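**Q** The chain contents come next:
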Amino acid sequence: MKEFTPPPDSASIVSVTDRVKPVTLGMAVTSVHFLGPRAAFVGGEENVAFVDGKGEIDTVAVHSGGILSTASDGKRLVMGGDDGKVVSLDAKGEVTLLATDPKRRWIDAVALHADGAFAWSAGKTATVKSGKAEEKSLEVPSTVGGLAFAPKGLRLAIAHYNGVTLWFPNMAGSAEFLPWAGSHHGVSFSPDNKFLVTAMHEPALHGWRLADNRHMRMTGYPGRVRSMSWSAGGKGLATSGADTVIVWPFGSKDGPMGKEPAMLAPLQARVSVVACHPRDDILAAGYSDGTVLMVRLKDGAEILVRRNGTPAVAALAWNAKGTLLAFADENGDGGLLEL
Amino acid sequence: MSEATAQKIPVTVLTGYLGAGKTTLLNRILSENHGKKYAVIVNEFGEIGIDNDLIIGADEEVFEMNNGCICCTVRGDLVRIMDGLMKRKGKFDAIIVETTGLADPAPVAQTFFVDEDVQKNARLDAVVTVADAKWLSDRLKDAPEAKNQIAFADVIVLNKTDLVSKGELAEVEARIRGINPYAKLHRTERCSVALADVLDRGAFDLDRILDIEPDFLEADDHDHDDHHHGHDHHHHDHGHGLKHYHDEEMQSLSLKTDKPLDPNVFMPWLQNLVQVEGGKILRSKGILAFHDDDDRYVFQGVHMMLEGNHQRKWKEGEPRESRLVFIGRELPEEAIRKGFESCIVS
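Chains as they are written, first to last, in the numbering used here: chain P, 305 to 643; chain B, 2 to 347.
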C-alpha cells in the first residue's frame, strides 16, 4: 500500500473549490464537529471556535490549557484537557464543568453515549457518569488509550496496553478483557454492535467479532491510523494512515476476515483524516498536504474540495443531514462547503 | 535530517540512581535565569519546588513494540504525553524527561527513534546521568540499573564530590571510565554544573558526531589538581591519578582503521551485529571512511536501532580514518573485531 501513482487524468478532476466558504480561525485546530447549524472547531488549546453558515466566527474558552480529547453527539461536545477538567459545550455556546480530576491529571480520553452518559479517563482510571447515578470508576492495567460506548446498552470499551476491557458500569464484576499484544489507542464499535476495532500504536488496526471474540488483523499501513469513520449503515470502516483511503468491509457477518480493503483516492500524500457522509455512500478525506477530496465509495470517483500546498488537514466533519462539510488544516485555515 | 533537526524540540533525558541528585539538578535547570521554558515530565509530583504549569506526571509504562524485536521497548506514556504536549507547541522551548532511579534509559531513547509522530516533533538531545560520588562504586556492584545508566550516558554529573576524599573520587571516576570512557564527565557539589554542559548537547545529532575520542580531559585536570594543592594523601599509588578498572560485565569497545571499508560488506555486517547482539549493545557510534566515497558516513544506534547518513566531504588533509565505538554488556569482542576487519578493503 505504500506507493501509488496519481491517476493520469488528475488534472481534469471535478472541482468544487470555488464553492467553499473560506474560514480563517487563527489557531491550531485538532477536530471539528457540528453542533446544530454551526461548525465547532476545536483548538489545540483553550478555545473552540463556532462558525456559522455565513462564515462568522464566535470563539468560546473551554479549557485553561491543551485540549486533549473530544467527543460529540451532535448536540454537545465533551472535552478533556491537560487542566484536569472535563467540560461540555452545547450548541448555544454554553460551557459546563462536568468533572475535575482531584490530582489535576491530564484527561486523556473522553466518550459520549447517545443517552447522555459520558466517560473520561486519567491515567489508568476510566470513569462513567450516567444521568443522576453516581460516578463509577474502573482501573485497567495500564494507561487508557481510548474510550468508546457501545451503541446499545451502557457498555464502555477501554483500550489500553495489550488489549481492550469491556465494562458494563452498572453491573458489578462485569469487566471482560479482550487481549491482543501491543498498545491500543483509538477504539470504536461498529454501528450494528457486532465488531470492535482499535487503532494500534503500530501502524495497524485490530478488530474483534464480539459474538465469539474472533480476531481480525488489519495491517499494511505505512503510518499510524489516527482517524476512523464508519460509512452510512456501518458497511465499511474508512481509515487514515496510508496514501489512499483504506475502507475495510464490515457488511457481512465475518467483517473483513479474509478480505481485502478498498483503496480509494490515492494521492502522493498521506491521508490524515476521514469522515463518512451520514446518509450516502460518499466520504470526505483530508491529506497531509492539505488536500480535501470527496470520494464515492462505490467507484472511487473524486471531487476536489481543497487544493494541496498547506499543512495537513486536521479536522473534517459533516453535519447530521450531510448538507454541510467543514474542514481545517493544522494551522486553522479551513472552509465550509454547502452541498 | 539536519535541516528539520533545528526546529524539533530538544529532549533531555535525566537519569540517575536513587538519591544521586536528579531533583537538585532539575530544580537548578528550572530556577536558573536562562529565559527558556521547559516542559518537564517527572515520575513523581511534588518533588519539584518550582512553579511550572508544564510539569507532567508520567507512569513509566514500558511497552514492547509488536515488531518481533524483543529488546525493542518504548515508553508508552511518553508517546501519549508527547502527543498532548504538541498541542501546546510554542509554549515551551525544550523538554526534560526525568526517569525513576531504577529505570533503564533505553526505552526512553528508543521512543524517539521508533515513534513516527514523536520523531516528527522532537529530537533526543542527550542522556544525562547524575551519579553519587560517595555511593556509586557500591551501586555499580549491586544495582544493574546504576550500571546501565552510566553506560548509556552522554553526560555524567558526578555529584557530591565534597563528601569523598581525592582517592575515593579517583576510584569512582576510574570505575565510571571502565564502563563508559566517552561520556563527558563533570564533578559537582549540589549539581552545580554549567547548564550549557547538560542541555543542548546534540549528542544524538548525526551532524555533531564529530569526535568519538574518549573523554580523558577531565582526568588530566584532576591530576594537575592533585599536584597543585599538594594535600593528597594517596600519593603512594597511581601517579597519574586515573586507575584503570575493567568492569567484568559492562565494557566499551573501540575499533579503528585507516584503511577504507567496503560499504557492501560493512553495512550488512553492522545490521546483522545489532540484530544478533542488540540486546547487549546499549549504544554504538561511528565515523566511517568508505572505499571510493569522498563523504564521511556517520551512524549511531541504541540497541537494535541504527540511524546513519553521509555527513560531509572529507576535508583536504584530514586522515580518512574509520572509528567505531560500542558500549555494552558482555560484548563478544573477538567476534566484533574479526567482523570489522573483514569489512576492510584489502
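Do not take every clue at face value.
Stated by the list, open to error - Now the in silico label distances, taken between C-beta atoms and shown as ranges:
| id | chain 1 | residue 1 | chain 2 | residue 2 | range |
| --- | --- | --- | --- | --- | --- |
| 1 | P | S368 | B | T101 | 54 to 60 Å |
| 2 | P | L608 | B | P145 | 40 to 46 Å |
| 3 | P | P483 | B | P333 | 34 to 40 Å |
Said to hold, decoys possible - To give a feel for the contact side, a few chain P residues facing chain B, derived at Cβ under 8 Å:
| id | residue |
| --- | --- |
| 4 | G348 |
| 5 | N351 |
| 6 | I371 |
| 7 | D386 |
| 8 | G388 |
| 9 | S446 |
Read the hints as simulated data drawn from the structure, not as lab findings. Bear in mind the structure is a predicted one, so any value in this text is a computation, not a measurement. The C-beta atom is built at its ideal place from N, Cα and C for all residues, glycine as well.
**Q** Hints first: check each against the structure and report whether it holds.
**A** Evaluated hints:
no.	hint	in the structure
1	S368(P) x T101(B): 54 to 60 Å	violated, 29 Å
2	L608(P) x P145(B): 40 to 46 Å	violated, 59 Å
3	P483(P) x P333(B): 34 to 40 Å	holds, 37 Å
4	G348	holds, 4 Å
5	N351	violated, 12 Å
6	I371	holds, 7 Å
7	D386	holds, 6 Å
8	G388	violated, 11 Å
9	S446	holds, 5 Å
In this structure, the hints that do not hold are numbers 1, 2, 5, 8, in rising order.
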